[in-house]
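Protein chains in written order, with our numbering: chain C, 1 to 350; chain S, 1 to 197.
Please note that a few of the clues may not be correct.
Simulated pairs of lysine to any residue, SDA-like, Cα-Cα distance not exceeding 25 Å [stated by the list, open to error]:
1. S:Lys93 x S:Ala117
2. S:Lys145 x C:Leu60
3. S:Lys122 x S:Lys145
4. C:Lys35 x S:Asn183
5. S:Lys131 x C:Thr258
6. C:Lys59 x S:Thr46
7. C:Lys223 x C:Asn341
8. S:Lys182 x C:Ile307
9. S:Lys131 x C:Asn61
10. C:Lys66 x S:Lys182
11. S:Lys90 x S:Thr113
12. C:Lys41 x S:Ala117
13. S:Lys38 x S:Ile59
14. C:Lys20 x C:Lys35
15. C:Lys59 x S:Ala130
Note that these hints are calculated values from the structure, not bench results.
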Amino acid sequence: MRNVDLFDNYLNGTLSAEEKTNFEIQLNSDEVFAKAFNEHKELIAALNLHNQSLELKAKLNSIHEKEFGNDAKVISISKKEKVKHFGRTALVAACTAFVVVMGAIAYVNQGVRNTTSQITELGLKLKASNEGIVEGIKEGSRNPVYAPANMEGSAFALNNEGYIITSFHIVNGSDSVFVQNNNMGRTVAKVVLTDPKLDLAVLKIDNKAITKNWQVPFSFSAKTTDIAEKVFTLGYPRKDFVYGEGNLSSQSGFSNDTCMYQISIPVNPGNSGGPLLDEQGSVIGVIRGKITDAEATGFAVKSREIIKAISILSNDSIHVANSKKPMLKGVKRTEQVKRINPYVFNVLVY
Amino acid sequence: MSKPNMQLSDSQFLQGLRVGNNEVLAALYKKYYNIVLKLVVNNSGTSDAAKDIYQETIIVLYENARKPAFELNCQLQTYIYSVAKRLWLKQLKKNGHTFLIREDDEGGIADVTEDIALHQQKENDIEKAAKSLESLGEPCATLIKDFYVKKLSMDEIAEKFGYTNADNAKNQKYKCLQRLKKNFFDKNTVEQSEIEK
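Given only the sequences and the hints, what does the whole structure look like? Please build it.
Structural data, given as structure tokens:
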């Protein structure tokens with residue numbers, strides 16, 4: 001039995017009397033064991049405390065709303081308050097402009113983190129106006145008219161089963177997610193896995209009609225790519241498919257993050273979630289972002305980390321394309337791109 | 001569901017909190033809100049800020065009242081006022097305000113230093129748990145909460161998440177927990193870098 005299971009059983013009181021005695025003996029004699037147990041207890045206690053705190057806060061909010069109302073001002077307050085309220089509205093409006101104009105740009109800078117949370121809030125606010133996404137189909141017209149998405153980015157196929165990968169920051173807080181490209185048009189995708197730390201999300205296209213003939217022409221490399229190797233990326237920084245090439249500049253990302261590569265390809269908002277490929281056309285990473293104030297410096301999460309994370313999160317139920325032989329090795333770049341194109345998507349998030 | 005005229009003594013309030021009585025909590029909340037509202041609003045705060053400070057105050061009281069050794073050495077009203085004042089002063093300082101709070105301490109002030117320290121420590125743990133759960137990802141975060149907080153059995157979890165059996169679910173919970181532990185005990189885990197996405 002694994003230690004963790006032993007800890008759980010001990011805390012749940014499901015050990016037999018003999019097991020319990022043995023457990024306590026080990027606890028008193030084995031320091032490493034005792035430390036692991038204490039950490040386990042500490043973590044579980046924190047999880048429960050966190051939950052209690054959420055419940056209590058929700059309770060207090062509902063009491064407050066019932067007794068004092070959301071907007072009720074029990075004491076009439078000076079003008080100051082009104083000004084403050086106005087200020088907040090203005091801030092939200094400013095963020096609207098930010099989101100609409102900048103599309104997929106979202107800063108992770110700590111100092112601006114508040115802005116990010118305001119964007120999330122805003123996402124909810126825009127909901128009402130977005131209910132017409134698919135309703136915009138004009139009678140008699142073949143081309144549906146879609147409302148602009150709240151957030152856009154890139155994504156690409158993970159395997160032949162309709163799973164695709166993108167950046168978590170694109171789909172974070174999403175109401176609905178669509179993917180599209182010239183090959184298949186637009187379809188719904190659902191978020192099945194997320195890894196906020198690596199900034200990854202796995203989506204699934206459930207429409208069998210679209211995915212039944214999928215033959216993903218690339219596999220995910222489990223190796224670390226060498227510095228200076230030629231690499232290229234594909235994605236949707238705007239409505240059309242865009243190719244970019246450069247070299248691998250570093251085997252670590254910003255602040256020496258070893259889960260990432262640094263590349264010399266100028267990536268743009270909307271490139272996030274797109275594939276980073278090597279000369280043989282194997283996926284070596286997912287484009288994550290670029291450094292603020294630096295042109296031609298992009299970052300990508302290593303494919304090795306992606307494989308690991310998906311294995312853990314999916315309990316090995318989602319497999320990542322990994323043929324031994326690179327399928328596009330020796331193929332001309334233009335042909336490589338042509339074959340990869342149908343498996344790279346524009347992600348639209350509402 | 002507080003009754004319109006629920007008249008409770010201080011010790012009845014505390015007893016109610018101890019046993020987790022929602023009616024008592026609502027009555028308590030209703031009774032002392034105006035004191036804190038006045039305190040905050042008279043000292044350059046908005047009613048929204050007052051609501052936040054008041055709720056945190058109630059949480060401090062709630063956490064401390066549930067300690068077996070808790071003793072109230074003053075009136076409940078004084079206690080609430082004292083905690084709220086400390087919390088609001090802290091907030092003002094954090095926002096860079098240097099001016100003094102306008103005094104209105106007719107009911108006296110109680111020493112709540114330790115009570116607030118306990119609350120702060122709990123808040124830190126809660127924050128740490130929240131952040132490590134947040135960066136854990138799905139379905140791991142839900143699975144962990146289902147097992148350790150909601151106390152679902154492995155069979156229930158296997159069914160909910162579509163795993164073939166309880167052992168498989170247990171295996172997955174193990175992997176998720178290892179990930180969570182790494183997040184929780186690694187101090188730098190939640191630091192984000194300055195990347196523009």
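Exercise. Does C:Ile307 lie within 25 Å of S:Lys182 when you go C-alpha to C-alpha?
Worked result: Cα-Cα ~18 Å, so holds.
Exercise. Holds or violated: S:Lys145 with C:Leu60, Cα cutoff 25 Å?
Worked result: Given that 25 Å is the threshold and the Cα spacing comes to 22 Å, the pair holds.
Problem set entry | Restraint check for S:Lys131 with C:Asn61, where alpha carbons must lie at most 25 Å apart | 22 Å, holds
For this session: Would you check the hint for C:Lys66 and S:Lys182, treating anything up to 25 Å between C-alpha atoms as holding?
Result: 41 Å, violated
For this session: With a cut-off of 25 Å on the C-alpha distance, tell me whether S:Lys93 and S:Ala117 pass.
Result: This hinted pair holds, its Cα atoms lying about 17 Å apart.
Exercise. Given the hint that C:Lys41 pairs with S:Ala117, does the C-alpha gap stay at or below 25 Å?
Worked result: With a Cα-Cα distance of about 22 Å, the restraint between C:Lys41 and S:Ala117 holds, given a limit of 25 Å.
Exercise. Within a Cα-Cα threshold of 25 Å, do C:Lys223 and C:Asn341 meet the stated pairing?
Worked result: 24 Å, holds
Exercise. Is the hinted pair C:Lys35 and S:Asn183 satisfied, with a Cα-Cα distance of at most 25 Å?
Worked result: 17 Å, holds
For this session: Take a quick look at whether C:Lys59 and S:Thr46 sit within 25 Å of each other, Cα to Cα.
Result: 22 Å, holds
Exercise. Within 25 Å, alpha carbon to alpha carbon, are S:Lys38 and S:Ile59?
Worked result: 19 Å, holds
Problem set entry | Pair hint outcome, C:Lys20 versus C:Lys35 [Cα-Cα no greater than 25 Å] | 18 Å, holds
Problem set entry | Agreement of S:Lys122 and S:Lys145 with the hint, judged by alpha carbon distance not exceeding 25 Å | Within the cut-off at roughly 19 Å; holds.
In terms of the numbered hints stated before, the structure departs from hint 10 and from no other.
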